[in-house]
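Let the sequences and hints guide you as you build the complete structure.
Going line by line, the protein sequences match chains A and B.
Using my numbering, the letters of the first sequence map in sequence onto residues 1 to 307.
Using my numbering, the letters of the second sequence map in sequence onto residues 1001 to 1326.
There's no promise every hint is true.
With a straight-line Cα cutoff of 30 Å, these simulated BS3-like cross-link-like pairs (lysine-lysine) come out [unchecked claim]:
| no. | chain 1 | residue 1 | chain 2 | residue 2 |
| --- | --- | --- | --- | --- |
| 1 | B | Lys1067 | A | Lys304 |
| 2 | A | Lys304 | A | Lys120 |
| 3 | B | Lys1137 | A | Lys304 |
| 4 | B | Lys1067 | A | Lys120 |
| 5 | A | Lys166 | A | Lys82 |
| 6 | A | Lys57 | A | Lys120 |
| 7 | A | Lys55 | B | Lys1137 |
| 8 | B | Lys1209 | B | Lys1067 |
| 9 | A | Lys120 | A | Lys55 |
| 10 | A | Lys120 | B | Lys1137 |
| 11 | A | Lys304 | B | Lys1209 |
| 12 | A | Lys57 | B | Lys1137 |
| 13 | A | Lys82 | A | Lys174 |
It is worth saying that the hints were derived from the structure and are not from the lab.
This is what each chain is made of:
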Amino acid sequence: MAVEHPVATPPGDQTRIHNIGYRTYDGPRLGRSYATRSLYSQSLRGAYGLGRSVKSKVLPMLLFVVMCVPAAIMVAVAVATKANDLPVDYTRYAIIMQAVISLYVASQAPQSVSRDLRFKTVPLYFSRPIETADYVRAKFAALASALFILTAAPLLVLYVGALLAKLDFADQTKGFAQGLVSVTLLSLLFAGIGLVIASVTPRRGFGIAAVIAVMTISYGAVSTLQAIADAQAIDGGGSSGAIPWIGLFSPVTLIDGVQSAFLGATSAFPGGVGPSNGEGAVYVLVVLGLIAASYGLLMRRYRKVGL
Amino acid sequence: MIATESLSKRFPRVTALDRLTMDIGPGVTGLVGANGAGKSTMIKILLGLSPATEGRAEVLGLDVATKGGAIRERVGYMPEHDCLPPDVSATEFVVHMARMSGLPPAAARERTADTLRHVGLYEERYRPIGGYSTGMKQRVKLAQALVHDPQLVFLDEPTNGLDPVGRDEMLGLIRRIYTDFGISVLVTSHLLGELERTCDHVVVIDGGKLLRSSSTTDFTQTTTTLAIEVTDTDDHPDGTRAVRDALHARGVDVLDSGGGLPGAGHILLLTAQSDDTYDLVRDVVADLGLGLVRMEQRRHHISEVFTDEKSEDTEAQRKEAVGHGS
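This is how it looks when you write it as structure tokens:
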């Protein structure tokens, strides 16, 4: 187009870049609580790999599917055989799937906090309006919510399936509600333990290994000890009173204990002996105590990290 | 912009800041000090993240002890160390940081695109940060500090790890932050030379004490030293000597060649009185038909300020800074 232009123009004029210059921002600044919510939603999405690379979506999504498929199969069987009850209690489901849940915590707790520590992104957060407590709350709530989604989704599948199979509505709703309370506690407890362990190390690998170790070794040890105690009780005719107390030392058995004492679940403890109401109260206290303690430890940890 | 009043910070074993009183106005201010002089501690206190042991400080008229949150909403901070996750793109990262500063989602995206363009990141902003060069990472770090359009930014050693060209680009960018964007800057460095050229005002601290606070014109009343390197040609087998003689003929004193550096015999140092000196050098070199390999300002080191104050008989050590004392 410039060929027939009468005036000789320097080449720069033909391809002018319109530099609109720097524009200031006069819009709203939504402050601390909005920033905390943004961090929460970003962390929650991140826990399922959303907004991250394709590679990091694989594991959380796979575990989510693994959690839900057995529930779907059970529902299919229940509908097909016209059974008058689901093969598994709502409260029992998470206990059966505990390995999957532990694996999820082990993989996602470190990605949530260790990355920020490793790449030193934490100072960028704290140079903004949010405070230490906001960061800890957002991360804690995000992982707990992610776990709740993971554990509540199969329960929802079971519930919807049960209603489709025309099982007793009141009965199923009660069981579903008890299951939800149980997985809420489980989510908070697992999130707390996972985050505390992960926040100690900036190395993701160590974090994953440590969380798996704590979750599975404690569960393995507790189950073994309980089995031994049970066997001795049968052989020696003694009491199996030690079994509930041993259960206090692993996250999974803690939840099991709470729900068999108060949420009408049948215990997975050997011999089916759950804690009594008095012992159950101790279980509840320990669970709540652990959740509070993890929050406190996280606060202490991040007060030190700072800038 | 920033005012401190006998600000002190004592740790159990070290005194990081010792009764520091200063007043910093709008513009680009350099905070110079050796490693461990208290620069980072100062920024931490000014962001309201670490309480002062004694004294008080105000940023944008807000008390750091009580209004930390409000200050951090209006201030940007670029840390000295790496702070970028490698597996996300610059755009995603900066958008997230904009939201963390309180910008609504739509505004965060718009401001991110603008800011990344202003710091000089274009197509590469959609690629994961892990594949960026150091220079590009520094730009992303700068972008996250500017994305919420703060009134003031703290830049902690922004030229760290950059090559000379990268340094010059970063310094130019810092200058533009104030002149074009209207955002005041507090920039730290241990190199006085590079701050001299960029800042309106330089504050020198050492061991937590204020050593000197003055506008850069005070520093640069001693003029700049230029380093020149030229090629040799068939006509002028010793190009360096030819330029030296030609400059001498025009009344410019060539001071020395650059000390004990490699290739020192080929580097000429001369005092730049004004911008005309640059033109003169260019003309002289062109007339002789030589190639100009480099013409750059010699960087002064912070130690010169200290030696300046302490003793005058360190002339020999200060060969590098010949222009400084003349």
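Verification of the supplied hints:
1. Lys1067(B) <-> Lys304(A): Measuring from Cα to Cα gives roughly 21 Å; hence the hint holds.
2. Lys304(A) <-> Lys120(A): 13 Å, holds
3. Lys1137(B) <-> Lys304(A): 26 Å, holds
4. Lys1067(B) <-> Lys120(A): 25 Å, holds
5. Lys166(A) <-> Lys82(A): 9 Å, holds
6. Lys57(A) <-> Lys120(A): This hinted pair holds, its Cα atoms lying about 23 Å apart.
7. Lys55(A) <-> Lys1137(B): 23 Å, holds
8. Lys1209(B) <-> Lys1067(B): At roughly 25 Å apart (the allowed maximum being 30 Å), Lys1067(B) and Lys1209(B) satisfy the hint.
9. Lys120(A) <-> Lys55(A): Given pair Lys120(A), Lys55(A) holds - Cα atoms ~22 Å apart, limit 30 Å.
10. Lys120(A) <-> Lys1137(B): 14 Å, holds
11. Lys304(A) <-> Lys1209(B): Roughly 26 Å between the alpha carbons, so the hint for Lys304(A) and Lys1209(B) holds.
12. Lys57(A) <-> Lys1137(B): 26 Å, holds
13. Lys82(A) <-> Lys174(A): 21 Å, holds
Going through the hint list in order, the structure satisfies each hint without exception.
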